[in-house]
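**Student:** Sequence:
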Amino acid sequence: MKILVVNAGSSSLKYQLIDMDNEQVIAKGLCDKIGLEDSNVKHKAFDGREYAAEVKMPTHSEAFETLMYALIESDAKVIDSYDEIGAIGHRVVHGGTYFDKSCLVDDEVAEKVEELRELAPLHNHPHYLGIVACTKTFGKEVPQVVVFDTAFHQTMPEKAYIFGIPYEYYEKYKVRRYGAHGTSHKYVSERCAAIMGREGDKDLKIVTCHIGNGASISAVKGGECVDTSMGFTPLDGFIMGTRSGGVDPSALTYIANKENMTPDQLSDMCNKKSGLLGISGVSSDNRDVSAAAAEGNHRAALANEIQRYQIAKFVGSYIAAMNGADAIVFTAGIGENDPVLRTEVCKHFEYMGVKIDEEKNKIRGEEVEISTPDSKVKVYIIPTNEELAIAKDTLAIVNSL
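In terms of our numbering, the sequence shown opens at residue 1 and continues consecutively.
Hints are not guaranteed to be accurate.
Said to hold, decoys possible - List time: in silico DSS-like cross-link candidates among lysine-lysine, alpha-carbon distance up to 30 Å:
id: 1; residue 1: Lys28; residue 2: Lys272
id: 2; residue 1: Lys205; residue 2: Lys272
id: 3; residue 1: Lys140; residue 2: Lys159
id: 4; residue 1: Lys313; residue 2: Lys378
id: 5; residue 1: Lys112; residue 2: Lys159
id: 6; residue 1: Lys2; residue 2: Lys159
id: 7; residue 1: Lys42; residue 2: Lys272
id: 8; residue 1: Lys205; residue 2: Lys355
id: 9; residue 1: Lys33; residue 2: Lys77
id: 10; residue 1: Lys355; residue 2: Lys378
id: 11; residue 1: Lys136; residue 2: Lys159
id: 12; residue 1: Lys205; residue 2: Lys347
id: 13; residue 1: Lys56; residue 2: Lys77
id: 14; residue 1: Lys101; residue 2: Lys56
id: 15; residue 1: Lys140; residue 2: Lys205
It should be emphasised that the hints constitute simulated quantities derived from the structure, not laboratory data.
Taking the hints into account, I'd like the entire structure generated from these sequences.
**Tutor:** Below you can see the structure in the form of structure tokens.
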């Protein structure tokens, strides 16, 4: 079966067409700047053929039509008709407390995705528009499945997700820890279990580190998430590209009062002007910050040091939460490609027998064990593949119909 994986953003539509018979990507692309004058599409087929054009896409409906043109009619076409697409899988950021697993789309599910836009205002509404656009093109004949970033974290116990504020705000507004990157954490933890030959092992304890421009860490015990670093929103946790991570709320209200900032301005500062960018003053990109640090920029070096230190603290806390760990996994852009970060984080766990093979640790972006044979905790690089994870969930649900 060929499955189309769709990730709709506020002004973009990313996609991959995957042949699930061999789990190979047939084509992938991006419809960008939806609603703007210079909207465009970039599409690439599995054999290297490309299609790129400026196309008027006022809404996600036109973007989806452009996507289908690229797949079926462009010079880089990979299928002959709509009929070859067996199902569509949508990435959705927030499922709230309603969704603890992926599910088939119907009118009620689509409405819930839209209803939850308050919890992910930049994401859920575009996801809903993507569902509507797909339905407009395919009708209800082709099954659609929604896969939620938050679903994997719904196994957390109350002690992990309830905040230390009056309980009434959880009851009234569902203010709690939700987490993010769940599809990635699920994929790499399952892949780690398979590598170790311990699929289905309820005693297996893994700390998964999704370190990219946005970043989170999860404690996974027996295949289930028991804690995660992101909170009510993806702002919580440790410093990221532009996000502050956890900050004493009183420090923020103090700044807001001094600078006469509105809540929206404060949120903008924490989400878009903080993290690596805010501390280094150089960039939000880890590569640029590391390069500046290597040239002697103190603030850049400090930003790197803070991020690695905070990651180590979260890894350590999750080892404590699970009463041990069998494996630590690094994934996503920085986790897969920054040997120094991996070394510096793992140094904190030498006391418990973690040993890194520095030659293997030089590998970037490949699936590999980077710990030594005598390391008491295994350490892996496992490239994430959220699109394949979405396609797998979609296939499983469609096959169960």
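**Student:** Decide, hint by hint, whether the structure agrees.
**Tutor:** Verification of the supplied hints:
1. Of the supplied pair hints, the one linking Lys28 and Lys272 holds, its CA atoms being roughly 28 Å apart against a limit of 30 Å.
2. Using a Cα cut-off of 30 Å, the hinted pair Lys205 and Lys272 is violated, with the two alpha carbons roughly 34 Å apart.
3. With a C-alpha separation of about 41 Å, the suggested pairing of Lys140 with Lys159 is violated against the 30 Å cut-off.
4. A hinted pair counts as satisfied when its Cα atoms are at most 30 Å apart, and Lys313 with Lys378 qualifies at roughly 18 Å.
5. Annotation: proposed proximity of Lys112 to Lys159 holds, straight-line Cα distance about 26 Å (limit 30 Å).
6. With a C-alpha separation of about 41 Å, the suggested pair Lys2 and Lys159 falls outside the 30 Å cut-off, and the hint is violated.
7. At most 30 Å may separate the alpha-carbon atoms for a hinted pair to count; Lys42 and Lys272 meet this at roughly 27 Å.
8. Under the criterion of a C-alpha separation no larger than 30 Å, the hint pairing Lys205 with Lys355 is consistent with the structure, at around 18 Å.
9. A distance of roughly 22 Å separates the Cα atoms of Lys33 and Lys77; the hinted pair therefore holds under the 30 Å criterion.
10. Straight-line distance between C-alpha atoms of Lys355 and Lys378 comes to about 9 Å, which keeps the hinted pair within the 30 Å bound.
11. For the hint pairing Lys136 with Lys159, the CA-to-CA distance comes to about 43 Å; that exceeds 30 Å, so the pair is violated.
12. Using a Cα cut-off of 30 Å, the hinted pair Lys205 and Lys347 holds, with the two alpha carbons roughly 19 Å apart.
13. With a C-alpha separation of about 20 Å, the suggested pairing of Lys56 with Lys77 holds against the 30 Å cut-off.
14. Proximity of Lys101 to Lys56 is assessed by CA-CA distance (about 36 Å); at most 30 Å being required, the pair is judged violated.
15. For the hint pairing Lys140 with Lys205, the CA-to-CA distance comes to about 41 Å; that exceeds 30 Å, so the pair is violated.
Checked against the numbered hints above, the structure breaks hints 2, 3, 6, 11, 14 and 15 and satisfies the rest.
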